[in-house]
Amino acid sequence: MQTTVDTQSSFEVTDKGFYGHFGGAFIPEMLYPNVEELRQNYLNIIADPAFQAEFWQLLTDYVGRPTPLFLAKRLSAQVGATIYLKREDLCHTGAHKINNTIGQILVAQRLGKKRIVAETGAGQHGVATATVCALMGLECIIYMGSIDIERQKPNVDRMRMLGAEVRPAKSGSQTLKDATNEAMRHWINNPVDTHYIIGSVVGPHPYPDMVARFQSVISEEIRKQLLEKESRETPDYVVACVGGGSNAAGAFFHFLDEPQVRLIAAEAAGQGVNTGHSAATTALGKPGVLHGSRTILMQTEDGQVTEPYSISAGLDYPGIGPLHAHLFDSGRGDFYSVTDDDAVKAGFNLSKLEGIIPALETAHALAVLNELPLRKSDVVVVCLSGRGDKDLSTYTKYL
Amino acid sequence: MTTSTIQNRITDLFSTKSDRLLNVYFTAGFPQLNDTRTVLRGLQQAGVDLVEIGMPYSDPVADGEVIQQSNGVSLEHGMTLRILFEQLAGCRDEINVPILLMGYINPVLQFGVEAFCRKCQEVGVDGVILPDLPFDLYEAEYRDTFERYGILNIFLITPQTSDERIRLIDEASEGFIYMVSSASITGSVSGVSDVMKAYFERIAGMNLRNPRLIGFGINNQETFDAASEHANGAIIGSAFVKHLQKNGPGAEGIDAFVKAVRP
Ligand SMILES: Cc1ncc(COP(=O)(O)O)c(C=O)c1O
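Protein sequences, first through last, are from chains A and B.
Following numbering that gives the first Met the number 0, the numbering of the first sequence begins with 0 at its first residue and continues without gaps.
Following numbering that gives the first Met the number 0, the numbering of the second sequence begins with 0 at its first residue and continues without gaps.
Keep in mind that the hints were calculated from the coordinates and are not lab data.
Even glycine gets a Cβ: it sits at the ideal position worked out from N, Cα and C.
Don't take every hint at face value.
[What the hints assert, rightly or not] For the chain B half of the interface with chain A, some residues (derived, Cβ under 10 Å), not all of them: (1) Leu74; (2) Tyr148; (3) Leu155.
[Stated by the list, open to error] Per the computed footprint, the stretches of chain A lying under chain B, defined by three or more beta-carbons under 8 Å from a beta-carbon of chain B, are: (4) 71-77; (5) 158-165; (6) 188-194; (7) 261-271.
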């Protein structure tokens with residue numbers, strides 16, 4: 000993990016928490032002391048050798064890192080390029096989310112916090128948070144939209160078994176956005192002893208930067224593994240799905256300043272970008288403020304946040320992290336929208352070709368492979384952000 | 000940090016009255032879309048000193064269930080900032096109580112900050128409370144625009160706000176300081192605890208240059224009195240929204256509500 004950067008990259012967060020026009024900390028005064036405490040301390044905490052030692056030890060012995068970089072031969076033959084899968088689905092708990100929760104629980108301990116609150120969409124972040132809370136013996140409260148509680152039941156059961164309290168978010172569309180609102184309200188009501196573990200590169204500064212740093216282990220490993228396997232450190236493309244954008248931020252992180260590496264983000268088009276049932280943020284959104292940062296946001300002309308829709312709970316969010324807004328705005332990243340149907344097809348395709356059932360979120364990234372102008376010689380890394388066990392009830396409807 | 004020289008109904012109010020001021024919040028377009036003026040009139044007749052009109056928002060993270068719900072209902076009725084300004088147009092012919100607009104920053108950004116300030120000035124709004132526009136960003140990016148149109152921005156402090164930051168906010172504030180009574184969202188606490196009293200006393204002892212109104216958890220005469228003992232008055236939000244939800248916007252009901260809080 001990179002803790003110091005010697006040259007100021009234009010994709011690095013500024014002191015005030017901005018990536019280009021996006022970011023910042025648009026928070027009510029009630030949250031100011033908490034967020035400020037975090038902002039003043041996170042870099043020093045992360046840079047501390049004792050923190051680093053514990054973080055790496057847990058990533059190795061508990062999470063199971065490094066995760067493999069797998070050459071998917073049959074998929075490569077089908078697509079017509081060399082496709083590697085970065086196997087974040089093999090992390091403990093089944094997704095990349097735990098890279099971040101391990102980091103944040105160690106930060107929370109060093110800030111002397113006794114309780115953890117978190118939001119979750121697909122339940123992967125909730126499970127990853129409940130897991131590290133069990134590991135460290137901290138109380139854990141997870142907010143989850145009522146609709147997501149229905150469609151991601153296995154993860155709800157896992158969280159409960161891990162000792163977390165799962166509270167339904169009943170407002171709005173009862174999905175990830177509303178769970179995030181409730182988690183923020185909970186933090187406002189419990190400011191002193193509680194740490195909020197945000198699950199993606201969203202929220203007020205310093206969250207997007209902190210989460211990106213914890214997830215950057217993904218691209219750090221990709222570089223080393225590609226060097227071994229292909230005698231080159233950089234691929235031609237890195238592809239990842241974007242809900243809030245944490246697996247994408249982690250997969251892109253160490254390639255941000257190498258423009259020859261194309262950064263490909265897959266957003267959820269839901270039933271189609273123009274159907275009114277979509278979560279394709281960059282296609283449908285405009286600059287605005289949500290959950291503490293200025294970003295690209297799906298909203299009405301009057302500035303009310305639009306209810307998003309996606310078959311995948313983890314992508315069912317009306318915004319994206321400010322780093323991604325900046326990648327989009329600056330043209331550094333290419334954003335694709337993938338419909339529910341195409342994602343499901345890509346999920347079945349990978350299952351049958353490679354024996355890997357991907358999460359529905361991840362399936363959106365896989366579907367983009369058919370859209371890229373690939374040449375035979377191209378090397379592509381897809382961030383396989385999570386496994387699909389939690390989505391079986393949705394997948395089986397398509398069997 | 001510059002101190003503005005804005006003079007308007009809010010600063011005039013505090014220069015003539017400094018004790019037991021009552022500020023009442025209600026959500027625009029609630030319970031019905033066109034109730035905004037009716038409620039405003041009712042509050043003025045009942046003798047409140049200031050009113051805060053809530054600009055409804057889809058994701059009010061600093062608000063509890065009562066205000067969230069009223070925001071949702073108002074939006075379902077089709078409320079927008081544009082409509083709110085239409086409803087307020089001409090209100091200064093009959094309303095002289097100071098008016099604040101309270102809401103979240105995103106609708107204001109989409110409206111355009113300058114256009115928003117211009118409209119506020121046009122219809123006679125005196126100040127705004129935008130909880131998710133942080134003090135530091137306001138100073139850096141927006142203060143000049145608000146001042147050009149004579150619009151005050153009221154800042155919040157909480158029990159967790161450091162003395163140093165309170166001094167900073169006091170220096171830069173004009174009008175009054177909004178003291179959030181406890182670490183909470185709106186409508187989640189009721190009553191004034193000893194911990195709150197200790198905080199009220201601590202702030203009273205700081206001899207700030209601005210008057211202070213205490214909000215969050217004020218819902219009846221007892222809590223109004225307790226707050227007024229330690230500050231220049233208090234703000235009622237959720238309790239009044241609940242009243243509107245139950246009894247509608249009738250002037251008599253509003254009068255009875257206000258008299259029950261401050262006989
Ligand atoms: C497997 C998986 N991938 C991706 C995501 C989307 O989150 P992010 O964009 O932060 O990686 C989620 C979120 O729940 C997830 O579970």
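**Request:** Could you tell me which of the numbered hints above are not met by this structure, giving the numbers in increasing order?
**Result:** 2, 4, 5 and 7
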